[in-house]
Amino acid sequence: MIVQGSIRLSFTYAAGRIGSRFLVGLRDSRVILGAHCSRCALVVCPARAFCPVCSTGMDDLREVGPGGTVEVWSTVPGRGTYGMIRLDGADTALVHRLLGDAGLWEPGARVVARFAAKRIGSITDIEGFERGEP
Amino acid sequence: MIDPTDEPLSVSLDMDLTWRYAAGDAMTRFLEDVGRGRLEASRCDVCGRRYLPPRPFCGMCRVRIDGWVAVEDTGVLEAWTVVHLPIRDGRTGEMRPSPYGMGLIHLDGADTSLNHYLDTAEPERLTIGARVRAVWRRDRRGAMDDILHFEVLS
Numbered sequence: 004m005i006v007q008g009s010i011r012l013s014f015t016y017a018a019g020r021i022g023s024r025f026l027v028g029l030r031d032s033r034v035i036l037g038a039h040c041s042r043c044a045l046v047v048c049p050a051r052a053f054c055p056v057c058s059t060g061m062d063d064l065r066e067v068g069p070g071g072t073v074e075v076w077s078t079v080p081g082r083g084t085y086g087m088i089r090l091d092g093a094d095t096a097l098v099h100r101l102l103g104d105a106g107l108w109e110p111g112a113r114v115v116a117r118f119a120a121k122r123i124g125s126i127t128d129i130e131g132f133e134r135g136e137p
Numbered sequence: 039m040i041d042p043t044d045e046p047l048s049v050s051l052d053m054d055l056t057w058r059y060a061a062g063d064a065m066t067r068f069l070e071d072v073g074r075g076r077l078e079a080s081r082c083d084v085c086g087r088r089y090l091p092p093r094p095f096c097g098m099c100r101v102r103i104d105g106w107v108a109v110e111d112t113g114v115l116e117a118w119t120v121v122h123l124p125i126r127d128g129r130t131g132e133m134r135p136s137p138y139g140m141g142l143i144h145l146d147g148a149d150t151s152l153n154h155y156l157d158t159a160e161p162e163r164l165t166i167g168a169r170v171r172a173v174w175r176r177d178r179r180g181a182m183d184d185i186l187h188f189e190v191l192s
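The listed protein sequences correspond, in order, to chains F and D. Residue numbering for the first sequence is 4 to 137, as defined by the numbering used here. Residue numbering for the second sequence is 39 to 192, as defined by the numbering used here.
Please note: incorrect hints may appear among the correct ones.
Over the 10 Å line for every Cβ pair with chain F, so calculated as not near, a few chain D residues [unchecked claim]:
#	residue
1	Leu51
2	Tyr59
3	Tyr138
4	Met140
5	Asn153
6	Leu164
7	Ala181
Derived DEER-like restraints, expressed as beta-carbon distance ranges [to be verified]:
#	chain 1	residue 1	chain 2	residue 2	range
8	F	Arg11	D	Trp174	40 to 50 Å
9	D	Ile166	F	Ala52	46 to 56 Å
10	D	Phe95	F	Gly19	42 to 52 Å
11	D	Phe95	F	Thr78	51 to 61 Å
Quick caveat, the hints were computed from the structure, so don't treat them as lab data. Model, not experiment: these values are computed from the prediction. Beta carbons: idealized from backbone N, C-alpha and C, even for Gly.
The task is simple: from the sequences and hints, build the whole structure.
Spelled out as C-alpha cells, the structure:
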C-alpha cells in the first residue's frame with residue numbers, strides 16, 4: 004500500500020536592507036545588483052549584506068550582468084532547466100531558470116537575462132536566462 | 039547604512055510538498071484492517087510487546103514480528119492538547135478547522151500509544167486517564183483518518 008498526501012508550506016521572510024535593494028533594482032530598473040566587498044574585493048550576486056568569504060558588511064552595490072556564463076545546469080523533468088549563472092562582473096553564481104531547449108546546455112554557455120514585463124520585486128522579475136550576449 | 043529611500047521588501051513563497059511512501063508489510067495489513075473497521079497490533083513473539091501502530095520489528099528485542107493480536111477501539115487518554123492555530127492537515131493538504139484536539143491514546147490490548155485527533159465538543163472532559171473511543175468514518179478507505187477522532191466516554 005502507498006500512503007500519500009501533500010503539505011503546502013506558505014512562508015514569508017524579510018528580504019533585508021540589501022536584499023530589498025536587489026529586488027527593487029530588478030523591479031524598477033531591470034538592473035541586477037551584486038555586492039562588492041571592500042575587504043576581499045569579491046562581488047557577490049545576488050547582493051547580500053555580508054561577505055560570504057570574510058564576513059565583512061557590504062554596502063557597495065554594483066550593477067552586474069545582464070550577460071553571464073553558465074557554470075552548471077540540471078534539467079528537472081516537468082519543471083524546466085536550472086543553472087548556476089556567473090554574471091559578468093560577479094564572482095559568485097546565481098541560480099535561475101535557463102530558457103530554451105532542455106538538455107542543450109554546456110558549461111561556459113553565454114546567456115543574457117530576460118526580464119518579465121510585469122515586475123513585482125521578486126527574483127522571478129527575471130524570467131530566466133536565454134542564450135546570447137547582452 | 040540605512041538609506042531613507044530604502045523600501046523594505048519581503049519574499050513570500052508557497053511550497054507544495056507532495057509525499058508518498060510504501061507503507062510496508064505491517065502497515066499495509068494494519069490499514070487494510072482499519073478499512074474494515076478493525077484494529078490489530080503486531081505482537082513480538084519474544085517479549086510479547088504489542089505495537090499499535092504496528093511495527094515489523096520489535097524495538098526492544100530487534101527481532102522480526104509476525105504475530106498479530108486484536109485491539110479494542112477504546113482506550114485511555116495518556117496526553118492531550120487542543121490546537122488553536124489553524125494549520126494544513128498533512129494527510130489531505132487542506133486547512134484543518136481549529137480548534138481541534140490531539141492526543142496519545144493507549145488502546146485496550148496494546149502496549150504502545152497512538153497519536154490521533156480528539157473530539158473537542160466538550161473540552162473540559164479531556165483529562166489524562168479519561169476513557170476514549172474511536173469515532174469511525176462511514177466511508178472507510180483504509181487510511182488512518184478512517185477514524186475521525188476519539189471521543190471521551192461518559
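Quick rundown of the hints versus the structure:
At the 10 Å boundary, the C-beta of Leu51 (chain D) falls inside the reach of chain F, the nearest C-beta of that chain being 6 Å off. Residue placement check: Tyr59 (chain D) does not keep its beta carbon more than 10 Å from all beta carbons of chain F (closest about 6 Å). For Tyr138 (chain D), the shortest C-beta to C-beta distance to chain F comes to about 17 Å, beyond the 10 Å cut-off, and the non-interface label holds. For Met140 (chain D), the requirement that its beta carbon stay farther than 10 Å from each beta carbon of chain F is met, with the minimum near 16 Å.
Look at Asn153 (chain D): its CB is around 15 Å from the nearest CB on chain F, clear of 10 Å, so calling it non-interface holds up. Non-interface status of Leu164 (chain D) relative to chain F is upheld: no Cβ of that chain comes within 10 Å, the nearest being about 26 Å off. For Ala181 (chain D), the condition that its CB be more than 10 Å from all CB atoms of chain F is violated, with the nearest at approximately 8 Å. Between Arg11 (chain F) and Trp174 (chain D), the C-beta spacing of about 28 Å breaks the proposed range 40 to 50 Å.
The hint said 46 to 56 Å for the Cβ distance between Ile166 (chain D) and Ala52 (chain F), and at roughly 49 Å that hint holds. Hint check: Phe95 (chain D) to Gly19 (chain F), Cβ distance near 48 Å, so the stated range 42 to 52 Å holds. Distance hint for Phe95 (chain D) and Thr78 (chain F): a CB-CB separation of about 39 Å, inconsistent with the stated range 51 to 61 Å.
When held up to the earlier numbered hints, the structure conflicts with 1, 2, 7, 8, 11 and fits the remainder.
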